[in-house]
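For reference, the chains in residue letters:
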Amino acid sequence: MNRTVRTICLLLVGSLLPAGCSKKNGPVSNDKVFRYPLVAKVKSMDPGNVEDVYGALIASHICESLYTYHYLKRPYVIEPQLADGMPEISDDHLTYTIKIKKGVFYQDDSCFPDGKGRELKADDFVFAFKRIANIRYVSPNWGGFKDRIVGLDAFRDYTAQFKNEFEVDYSKEVEGLRALDDYTLVIKLVKPWPQLLDDLTNVVTAPVPKEAVDLYQKDMNYHPIGTGPYYLKKWNKAVYLELAKNPNFRKEYYPDQGAADDAAAGLLAASGKPLPFIDRIIFRIIEEEQPAWLLFLRGELDVMGIPKDNFSSAVDFGALRPTEAIRQRGIQLDIYDQPSLYYIGFNLLDPVLGKNKPLRQAISLGFDRKKFNELFYNDRWTIAHGLIDPEMNEYDPNLVEAGFSAYDPQQARRLITEAEKIQGGPIPELSIGTVGGDPFSRQIGQFVQRQIQAIGLKVKVEYVDWPTYVEQMNKGDMQVFAGGGVRFNAPDALGVLQMFATKFFAPLGNSFFYSNPEYDRLYDQAEVMFPGPARTELYRRMERMVLADYPAVLTNRRVQWTLRHGWVKNFKPHPFLYGYFKYMDVDSENQNSYKSRTKGLEKER
Amino acid sequence: MRYKTEKVDTLIKGRSLWADGWRRLRKRKFAMLCFVIVLAYFALAAAVYLDEFLKSRFAAQGYTGLRMFNWSQTVGPSYQPPMEKYAWTPDNAQAPQAGWALLGTDFLGQSTWRKMVYGAKTSMTVAICASIISLMIGVPLGALAGYFRGKVDDLVVWLYTTLDTIPYILLVMAFAVVLRNKTIFGWEIRGITAVYLAIGLTSWVSICRLIRGEVLKRKESEYVLAARAIGCSNSRIIFRHLLPNMFHIVIINLSLQFMAFIHAEVILSFLGLGESDRPSWGSMIDAARTELARNVWWEMAAATAAIFIISLALNIFGDALRDCLDPKLRTD
Numbered sequence: 001m002n003r004t005v006r007t008i009c010l011l012l013v014g015s016l017l018p019a020g021c022s023k024k025n026g027p028v029s030n031d032k033v034f035r036y037p038l039v040a041k042v043k044s045m046d047p048g049n050v051e052d053v054y055g056a057l058i059a060s061h062i063c064e065s066l067y068t069y070h071y072l073k074r075p076y077v078i079e080p081q082l083a084d085g086m087p088e089i090s091d092d093h094l095t096y097t098i099k100i101k102k103g104v105f106y107q108d109d110s111c112f113p114d115g116k117g118r119e120l121k122a123d124d125f126v127f128a129f130k131r132i133a134n135i136r137y138v139s140p141n142w143g144g145f146k147d148r149i150v151g152l153d154a155f156r157d158y159t160a161q162f163k164n165e166f167e168v169d170y171s172k173e174v175e176g177l178r179a180l181d182d183y184t185l186v187i188k189l190v191k192p193w194p195q196l197l198d199d200l201t202n203v204v205t206a207p208v209p210k211e212a213v214d215l216y217q218k219d220m221n222y223h224p225i226g227t228g229p230y231y232l233k234k235w236n237k238a239v240y241l242e243l244a245k246n247p248n249f250r251k252e253y254y255p256d257q258g259a260a261d262d263a264a265a266g267l268l269a270a271s272g273k274p275l276p277f278i279d280r281i282i283f284r285i286i287e288e289e290q291p292a293w294l295l296f297l298r299g300e301l302d303v304m305g306i307p308k309d310n311f312s313s314a315v316d317f318g319a320l321r322p323t324e325a326i327r328q329r330g331i332q333l334d335i336y337d338q339p340s341l342y343y344i345g346f347n348l349l350d351p352v353l354g355k356n357k358p359l360r361q362a363i364s365l366g367f368d369r370k371k372f373n374e375l376f377y378n379d380r381w382t383i384a385h386g387l388i389d390p391e392m393n394e395y396d397p398n399l400v401e402a403g404f405s406a407y408d409p410q411q412a413r414r415l416i417t418e419a420e421k422i423q424g425g426p427i428p429e430l431s432i433g434t435v436g437g438d439p440f441s442r443q444i445g446q447f448v449q450r451q452i453q454a455i456g457l458k459v460k461v462e463y464v465d466w467p468t469y470v471e472q473m474n475k476g477d478m479q480v481f482a483g484g485g486v487r488f489n490a491p492d493a494l495g496v497l498q499m500f501a502t503k504f505f506a507p508l509g510n511s512f513f514y515s516n517p518e519y520d521r522l523y524d525q526a527e528v529m530f531p532g533p534a535r536t537e538l539y540r541r542m543e544r545m546v547l548a549d550y551p552a553v554l555t556n557r558r559v560q561w562t563l564r565h566g567w568v569k570n571f572k573p574h575p576f577l578y579g580y581f582k583y584m585d586v587d588s589e590n591q592n593s594y595k596s597r598t599k600g601l602e603k604e605r
Numbered sequence: 001m002r003y004k005t006e007k008v009d010t011l012i013k014g015r016s017l018w019a020d021g022w023r024r025l026r027k028r029k030f031a032m033l034c035f036v037i038v039l040a041y042f043a044l045a046a047a048v049y050l051d052e053f054l055k056s057r058f059a060a061q062g063y064t065g066l067r068m069f070n071w072s073q074t075v076g077p078s079y080q081p082p083m084e085k086y087a088w089t090p091d092n093a094q095a096p097q098a099g100w101a102l103l104g105t106d107f108l109g110q111s112t113w114r115k116m117v118y119g120a121k122t123s124m125t126v127a128i129c130a131s132i133i134s135l136m137i138g139v140p141l142g143a144l145a146g147y148f149r150g151k152v153d154d155l156v157v158w159l160y161t162t163l164d165t166i167p168y169i170l171l172v173m174a175f176a177v178v179l180r181n182k183t184i185f186g187w188e189i190r191g192i193t194a195v196y197l198a199i200g201l202t203s204w205v206s207i208c209r210l211i212r213g214e215v216l217k218r219k220e221s222e223y224v225l226a227a228r229a230i231g232c233s234n235s236r237i238i239f240r241h242l243l244p245n246m247f248h249i250v251i252i253n254l255s256l257q258f259m260a261f262i263h264a265e266v267i268l269s270f271l272g273l274g275e276s277d278r279p280s281w282g283s284m285i286d287a288a289r290t291e292l293a294r295n296v297w298w299e300m301a302a303a304t305a306a307i308f309i310i311s312l313a314l315n316i317f318g319d320a321l322r323d324c325l326d327p328k329l330r331t332d
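Keeping their order, the protein sequence lines are chains A and B.
Per this note's numbering, residue 1 is the first one in the first sequence, and the count goes up by one each step.
Per this note's numbering, residue 1 is the first one in the second sequence, and the count goes up by one each step.
Take the hints with a grain of salt, since some may be wrong.
[To be verified] When the alpha-carbon atoms are kept at most 27 Å apart in a straight line, the in silico DSS-like pairs for lysine-lysine are as follows: (1) A:Lys458 with B:Lys182; (2) B:Lys182 with A:Lys475; (3) A:Lys460 with B:Lys55.
Hints are computed from structural coordinates only; laboratory data are not their basis.
Note that the structure is predicted; figures quoted are calculated from it, not measured.
Given these sequences and hints, build the entire structure.
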């Protein structure tokens, strides 16, 4: 008996030993590894189905689009990526002929014969676009293609007869989408599409090999196949994602030109060197801020946004630099604007809010944006005075004086009296829906509730999970929604104006269900206009038209404050470029020696 | 034939189980102190309810409620530490408010003390309502199963055994997720209601099992046989004879379960499945989780102190109650 027990114990201990030892004594890899935190699970990495920032970030390193933004040049410049040169555009701006680079291969994958990635063809773009149009695929990105390409809307109608997306015959011709040969793509438009090149930089428009869709079907969400510098090596939905260097990646080199001060900042030191520099990218999904922060300080994450509760210990706000303790660790601070808009939206289909503009205006006037910014964003973000971001050409600096984001609780209370007249009695209790998975979101919920209560309204907050939030918002089941905002993918402001056009009612973007015939008429004009003073004026006019109707309480815009360990090189923030890790480099020696140095620092403290 | 009875002075006056239990309990000073603490928590919860009622009833007359319970009022700057900037002087207009910041403030400048007090109402409400629900389900089911045996017993035992196989907190969480923000028969289930329903609907197993066992044991006892002999119906035997004689067991069990209900409420609120609009100890701890990084410890300390005191008091009082009410445990 004793011998049996002893044997079992020895076996158990023996089985544990390799696991315990491998981490410390195992072979040390010389790979350059970049570790990046994600605060939420990734919903989809399938280009056509990407709808959130994280999905776009990861997919952009695996899949590539026809065009991209130059990493260093400012103002933002579009350059070819998979395209062989800029497009040939007809005089009427309705036909785009795009040459595709030869010798570009997909990553090796079992969906291809013998597992070897095949060459990219123009047909892959045609397939990818048609797939987004497939009504059974239910792509969240269809809104960008609607009424744009000749025959694509008809193709969408045709797909409605099928029960699932895989039954659709993709060989059915679409007049406006043709591959003349393997290396020539022709896009015919219904009307001019001035933002087409911007949209062709988006990973949503990346080519997709049909073989992959046939094999992985619904699993494409977590099995992206592309031509990019990395491929998905490991994936654990809740915890971890690892990308590894794609051995099939074509020859691409670090840019040798940039903005004026890039050379001085050392950003051109790697000019002409082949990309990518980093061998592996590890995305760690850590929903709680504090564990992520501690991992960053221990050197197990390379970059990190600053949690609000750690801000004062991490940043010297007045001097706009890290605190002494953080600087001793060799950590640097990057501050940059991220074109975005955060808001508390009103559902205008709601019988109480929809007909009552003074009520919506009162809520907007009763919201203390400055306090909100101080409490939740350490005064880092900026107040949003209008829809169009200051990074965009059409930004209207005079909007600040227009007072659409003013704070005037007394005026708000006066407007409530007016609102009660329209309502025909006291305003019933309002219901705000927000995403409430963490203390931060719940604190925001409480703050918004207090602000609205302070002007004499009754309000309750419903905390729901993200999928429920999106579903209720898109169905118009939520009276007021305060769960986030949008981040812009291009320097053109049409994307934000689209959020208020009737033809883009949710789920295509207009979650406010704002409908104004005059605005719709102007939108139809604006969407075919090319950049110029006339378009700028029209955009600004439309912006004021929306703001005057108060479909939302505009709150703030994101200013990114990111801490980065000193061993991360070649980083230059770009608000519209997602696949930029290929330009970045990591000093592995410095990275590996950090832990021992950190231990010394901790002992000193 | 009638017999006359005479009063016998020498007979010792009998005491009921309850009177005897109370007499024994009073001798235990520490248990009595705990009893007073428990009562104080109940009193606080009742006072908050009364204050809310008066506020809604007499708002037109200018009654705005007691300051002690006005947790949503800002009493100082965000995250003011306890005892700091506490300047209570007669000529200071802010003084009456500043006093409420004695235990510090939260991110909105609300008083931690007031939130802690209001948290008592949340916890007590959940514990009381969950107790009532679990009693309403567990006691009749246990009594029916024990009394009728057969298929009724099989069904009840199968039901509670199945529920018992699922880890308690996971089961409560699942119920809370399913019930919250739903409307059932026109009744909107929100916040605290979902919490006590979830806890009540999942916590009747132990009381059901206990009652079933007791009924099994007692259904052949003399007083039940006597009731049966004089033609009492089954329902009368169960509800008028058996259950009143087992009530002390229910009380003992409840006093111990009460604490578990408070803990369950705190856990649910901590996980974001509980009370969201109003303070609760769980949500205070949840908020403090990240705030500890900026040395904001007072919300966590206040909530845990409140939970610790009521848990300790309930535990000691429950033990004492069991010692005093259960005749089998008596040594004197």
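Taking the hints in turn, this is what the structure says about them:
Between the alpha carbons of Lys458 of chain A and Lys182 of chain B the distance comes to roughly 20 Å, so the proposed pair stays at or under 27 Å and holds. At most 27 Å may separate the alpha-carbon atoms for a hinted pair to count; Lys182 of chain B and Lys475 of chain A meet this at roughly 17 Å. With a C-alpha separation of about 18 Å, the suggested pairing of Lys460 of chain A with Lys55 of chain B holds against the 27 Å cut-off.
Comparing the model with each numbered hint stated earlier shows that all of them hold.
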